[in-house]
Amino acid sequence: VTNSAPSMINLIGSESDSQRTLYPYVTGTSVVGIKYKDGILLAADMGGSYGSTLRYKTVERLKTVGKHSIIGASGEISDFQEIMRNLDELILYDNMWDDGNSLGPKEVHNYLTRMMYNRRNKFNPLWNSLVLGGVKNGQKYLGTVSMIGVHYEDNHVATGFGNHLARPLLRDEWHADMTFEEGVKLLEKCMRVLLYRDRSAVNKLQIAKITEEGVTISQPYALKTFWNFSAFQNPTAGAEGSW
Amino acid sequence: MSELAGTIPGKGGFSFDLCRRNDMLVSKGLKPPSFLKTGTTIVGLIFQDGVILGADTRATEGPIVADKNCEKIHYMAPNIYCCGAGTAADTEAVTDMVSSQLKLHRYHTGRESRVVTALTLLKSHLFSYQGHVSAALVLGGVDVTGPHLHTIYPHGSTDTLPFATMGSGSLAAMAIFESKYREGLTRDEGVKLVAEAICSGIFNDLGSGSNVDICVITKGKQEYLRNYLLPNPRTYVSEKGYTFSKKTEVLFTKITPLRELVEVIEAGDAMEE
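As they're listed, the protein sequences go chains A and B. The opening residue of the first sequence carries number 2 in our numbering; numbering runs sequentially from there. The opening residue of the second sequence carries number 13 in our numbering; numbering runs sequentially from there.
Hints in this document: simulated from the structure, not taken from any laboratory. Check before you lean on any hint, since a few could be wrong.
[What the hints assert, rightly or not] With a straight-line Cα cutoff of 30 Å, these simulated DSSO-like cross-link-like pairs (lysine-lysine) come out:
| # | chain 1 | residue 1 | chain 2 | residue 2 |
| --- | --- | --- | --- | --- |
| 1 | B | K233 | A | K205 |
| 2 | A | K186 | B | K192 |
| 3 | B | K204 | B | K233 |
| 4 | A | K38 | B | K233 |
| 5 | B | K233 | A | K186 |
| 6 | B | K204 | A | K225 |
| 7 | A | K190 | B | K233 |
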């Protein structure tokens, strides 16, 4: 695609607007990920919102990448599908070398970072925040990339609202070498708070687990919620007209 | 019949007179002054005997911490306290004003103030200023009808809740409440949970920091625990202390008196010509 001089000057003008992403349309909400004793756990709900409508309720936002990694995405779903096409092609070419080596989570994370940052520099971002986790040769890896190319790795990561609601809980309660049951319980705690307090969350989530042995993505299930506080039963008892 | 404070709404409410002039100045490039905000974490919860309120103690002016240890839990009545987030001047002024109105009302009625009275006075004042009084409040107290906890937003809407958080650190604190709150907490459990929620705000939100203040209100009793926790102590203090090097030495003194004034009288009177 060549850029002639006049349209280069008008880079942020109205003509070239149809060529770049300005706003997201169908979006997924937070993804939360933690390291545990045997590997990585990711959790994400299955909602795809179209603005303020909860349009799609069976969107798989957790996917496998090669043998050693899993990816979770929030943000524009069509851009995530494009990223998956690129990643599948990357893994395919890697397999075609047939040399016994396979791309590990660090390499995939770096590839994603370059992809996101280069698109951002062209003012045409892939409107996603991604979580990438995996295990290779006993080494656990958990990282994140945002739509502007900000990337880092940590023991626990989250995207979107998860940063505000889940990260404080993870900072308090995460510890090294959690068992699988402890990890799932902690993730469910975070997803429950997100379900209560994030308007674009749906009560249908999947948990993905990756260990040295391989990947398991759970069947969708729902969390139990509690609404029976006595103050909710008759909230305006003292203050007529409020809610 | 004497007039009660606040029964006849005065000619108050937001005055739009200067808005056009302010917009004109902004369009000419004037940067409006930044407010002293209490980028904040404030929380409240109802436990089995009453209400517990909590707040952090950081007041910010843009990116600077203006006050490291301010008081965000304001007194309204002996049995009612109010935490305030938003513009510091607004929260102070509005809570002071309603506190005096409540006192006059107590003299007039001879009864203990009720939380819904404070609630109604605050919400009608904030509504009449259409959100320009930037005060987000967590109001809690125990009166004859029982313990109450309310949140009040700057535009004047209110909620009645078993647990509430406001301010920039509200999401971090709400994550703790949503995962750990249950009905019928004891006093110690309640204080521990409130302290945990405020600490979550202090350590995970940049607008909140320093110390934890707590206020426990029960029937007939209140405990204002100022600086209940100090999780951010100053850890490094130089042991050597601070000394200043010698002042400038005086080597030499010389005093030169000013020249004496000499009057010159011109010969002849200038006015004669």
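Here is how each hint holds up against the structure:
1. K233(B) x K205(A): 46 Å, violated
2. K186(A) x K192(B): 14 Å, holds
3. K204(B) x K233(B): At roughly 19 Å apart (the allowed maximum being 30 Å), K233(B) and K204(B) satisfy the hint.
4. K38(A) x K233(B): 49 Å, violated
5. K233(B) x K186(A): 40 Å, violated
6. K204(B) x K225(A): Between K204(B) and K225(A) the Cα gap is close to 26 Å, so the pair holds against 30 Å.
7. K190(A) x K233(B): Between K190(A) and K233(B) the Cα gap is close to 36 Å, so the pair fails against 30 Å, i.e. violated.
Hint compliance for this structure: hints 1, 4, 5 and 7 are not met, and every other hint is.
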